[in-house]
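**Q** Using the hints, position chain B against chain A.
Number of protein chains: 2
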Amino acid sequence: MKDISGGVCAPRGFKAGGVRCGIKESSQKRDLALIVSDRPCAAAGVFTTNRVQAASVVVSREHIAAGTLRAVIANSGNANACTGEEGLRAARRMAALAAEQLSAPGSAVPAGQVAVASTGVIGVPLPIGAIERGMGGLFAALKDSAEGHDAALEAIMTTDTRKKGGAVEAGIGGVPVRIGAMAKGSGMIHPNMATMLGFITTDADIEQGMLDAALRRAVRRSFNRLTIDGDSSTNDTVLVLANGEARNPRIEAGGEAYEAFASALESLCVRLARAMARDGEGASRLMTVTVRGAAGEDEAEALAKSVASSSLVKAACYGADANWGRVLCALGYAGVPFDPGAVSVRFASSAGTVLVCEKGGPAPFSEEDAARVLSQEEVEILADIEGGGPGAASVWGCDLTCDYVRINGDYRS
Amino acid sequence: MKDISGGVCAPRGFKAGGVRCGIKESSQKRDLALIVSDRPCAAAGVFTTNRVQAASVVVSREHIAAGTLRAVIANSGNANACTGEEGLRAARRMAALAAEQLSAPGSAVPAGQVAVASTGVIGVPLPIGAIERGMGGLFAALKDSAEGHDAALEAIMTTDTRKKGGAVEAGIGGVPVRIGAMAKGSGMIHPNMATMLGFITTDADIEQGMLDAALRRAVRRSFNRLTIDGDSSTNDTVLVLANGEARNPRIEAGGEAYEAFASALESLCVRLARAMARDGEGASRLMTVTVRGAAGEDEAEALAKSVASSSLVKAACYGADANWGRVLCALGYAGVPFDPGAVSVRFASSAGTVLVCEKGGPAPFSEEDAARVLSQEEVEILADIEGGGPGAASVWGCDLTCDYVRINGDYRS
Chain A
126 MKDISGGVCA
136 PRGFKAGGVR
146 CGIKESSQKR
156 DLALIVSDRP
166 CAAAGVFTTN
176 RVQAASVVVS
186 REHIAAGTLR
196 AVIANSGNAN
206 ACTGEEGLRA
216 ARRMAALAAE
226 QLSAPGSAVP
236 AGQVAVASTG
246 VIGVPLPIGA
256 IERGMGGLFA
266 ALKDSAEGHD
276 AALEAIMTTD
286 TRKKGGAVEA
296 GIGGVPVRIG
306 AMAKGSGMIH
316 PNMATMLGFI
326 TTDADIEQGM
336 LDAALRRAVR
346 RSFNRLTIDG
356 DSSTNDTVLV
366 LANGEARNPR
376 IEAGGEAYEA
386 FASALESLCV
396 RLARAMARDG
406 EGASRLMTVT
416 VRGAAGEDEA
426 EALAKSVASS
436 SLVKAACYGA
446 DANWGRVLCA
456 LGYAGVPFDP
466 GAVSVRFASS
476 AGTVLVCEKG
486 GPAPFSEEDA
496 ARVLSQEEVE
506 ILADIEGGGP
516 GAASVWGCDL
526 TCDYVRINGD
536 YRS
Chain B
126 MKDISGGVCA
136 PRGFKAGGVR
146 CGIKESSQKR
156 DLALIVSDRP
166 CAAAGVFTTN
176 RVQAASVVVS
186 REHIAAGTLR
196 AVIANSGNAN
206 ACTGEEGLRA
216 ARRMAALAAE
226 QLSAPGSAVP
236 AGQVAVASTG
246 VIGVPLPIGA
256 IERGMGGLFA
266 ALKDSAEGHD
276 AALEAIMTTD
286 TRKKGGAVEA
296 GIGGVPVRIG
306 AMAKGSGMIH
316 PNMATMLGFI
326 TTDADIEQGM
336 LDAALRRAVR
346 RSFNRLTIDG
356 DSSTNDTVLV
366 LANGEARNPR
376 IEAGGEAYEA
386 FASALESLCV
396 RLARAMARDG
406 EGASRLMTVT
416 VRGAAGEDEA
426 EALAKSVASS
436 SLVKAACYGA
446 DANWGRVLCA
456 LGYAGVPFDP
466 GAVSVRFASS
476 AGTVLVCEKG
486 GPAPFSEEDA
496 ARVLSQEEVE
506 ILADIEGGGP
516 GAASVWGCDL
526 TCDYVRINGD
536 YRS
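Chains A and B are the protein sequences, given in the same order. Here the working numbering runs 125 ahead of the position in the first sequence, where the first position is 1. Here the working numbering runs 125 ahead of the position in the second sequence, where the first position is 1.
With the rest of the complex left out, here is chain A (with noise of 0.2 angstroms):
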């Protein structure tokens, strides 16, 4: 497997694009998106498991039940949730208008082959028009390039700071196969999702189930082990678009073939939940939480969700204060049962790793040392459990700063 270039548009037979469509009243930013495909995909999709949600989660899980979608459009902005039945209606407007956009005569793509997606305020009805009348710019900015996935992905930014895309190659059944995605989101954010969006493309010839499956494993073990302030959002929605051309033999069940795009797709999911996590709102820095000696996997990612989340920890992680005493407050309200007695603690960095804690108590270290580490832009935090069972995860956060607050206190304005 190796990084290549051109994002969402890296795999063959994709483009995408981003305009200014007004729905970002105050800003001359991008504000409406679209990936499509040259032909009908394979396709499969993770949503928010808030009971709030947005309309356009209502229309996209109607749209990906079929399991084939040829375009996803998406805007920032407006999260069209909390917007009733006319926001229904908005939501599957702007499906229809991309579907038409892409018919062409005697081949008319159903509405149902288009997703949608929004993020932005929760409660303010969607300006369709304003997306009606960017619909013909939108689609005349389609590119097959890196130039295409950069317009498209700064459309569906919001607080973002950061460009969270990324594109692989892997061996397939001796074939190339190219896997190229976007994400935005970086404000509420939690396991489980936030709003987060990512759309992810790939030319890998798949079975919509065996993609299904691939989609879901590797959205447990990125986008839901990552929080950056524990509100799940109405909004939620990673895709995978599958087109086959890339020509591999078809992956239609498990095996050497299908292990290697999972795990491609993996790990591109896991680069971009640590790239949300770093560019989390007010965010000074990626914190990395790893618990190994749990019972099982869950365990060890909810004891590691439970320091993630902590505001305490994440306060602390802020002032480089190596104030372990927090961690294992937090491993202890995690509700898995474990022994505080067996735990010790380290804090690592590319400046080093401090011992803190051993056996539930604390080790002798040097402040110093540790805050050294600790006022590094990448931190883990090490919690292992001696003799414990064989569980280990990883989750991905970040510190909490006035930033945040600044933020938050007033995101309408």
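In case anyone wonders, no lab produced these hints; they're calculated from the structure. Don't take each hint at face value.
For identical chains, the list gives no copy identity; a pair is met inside one copy or between any two copies.
What the hints assert, rightly or not - Heads up, simulated DMTMM-like pairs for lysine to aspartate or glutamate below, C-alpha to C-alpha not over 25 angstroms straight-line:
(1) K154 with E257
(2) K484 with E187
(3) K288 with E150
**A** Just chain B now, kept in the frame of chain A:
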């Protein structure tokens, strides 16, 4: 029921005091507190549910098992948590030292009649020598007046900025019965408590089992409906001591007298819980979240806690931003079934009430009015589920400010 002065010293037969023994090395603040009854008390306690439990919690649980206490000794500046066997020995020694001082020739007080509590930094050995040296002065400082209450209360405060205490008098069986209380806590606070300590005295004559039942009910509806930052501490302790000196007809079963006592206790605990929320680390506002129309009280509480715990709701509250979509979002991930389309949301304060969401969608409102309502020192978020069940509950929290981050970015130094 009426408010009276004197705090934990208001009930007859109680003394309290606080001194500086030197645990808080870098400050001149009091750090050692004592509450003593003239005679043995029926006693009950509620403790943290964290799997990592401070040594003081372990020892107090043991001591309260017999249902009888004479005194509570507490320190701030050190949590005596994650301190291993040495910590347990120190906690036992702390109780034994107080018991020695209480003993008179011919009437030894067992160490098991003294509860201990600690609050402060985790993972640092408790300086038991300082406590030992301070013991004489501590007992010399005992007073049966508001002054004693105040000194003891000061000695358990950490990042608290306000004193949280009170006392009430209720007629029980025609006899005036008094209940006094103090509490500390402003960070690491979450439902099921946190670094919160609550000490309650009463001169009621009440059987231990009934006292225990009254305390659990009061805690469930007060301190357990409080969230500052989602971190449940290793040290939470609420204790009640009843010495019977009011000479009311002994409360030995449910009925009018029990209800009068239990509701006076609950009302005092609610007052302290609200005071703790108002004094949350860095808080500029008290935020009450009330949910009505849930299936039951537990469901209402879970929904309200989800909103009160949301970092995004808390940050919007700080910014006096009427971002009601975040309220719906937080209701949506509470894990409780409800119909999002039936929810209405109001913001209320001394400046008025504004309806911002109706039937799950936007209600027309004046941003100016909403900002004025949300700018007050105490604000309420009311979520009504129309046509829902009889469940209602209020949860207390506070806004999220930069000061929270500052306070916790470098707590230890």
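**Q** Each hint: holds or not?
**A** How the hints compare with the structure:
no., hint, result
1, K154 with E257, "within (18 angstroms within a copy, 66 angstroms between copies)"
2, K484 with E187, "between (51 angstroms within a copy, 23 angstroms between copies)"
3, K288 with E150, "within (22 angstroms within a copy, 47 angstroms between copies)"
Of the numbered hints stated above, none is contradicted by the structure.
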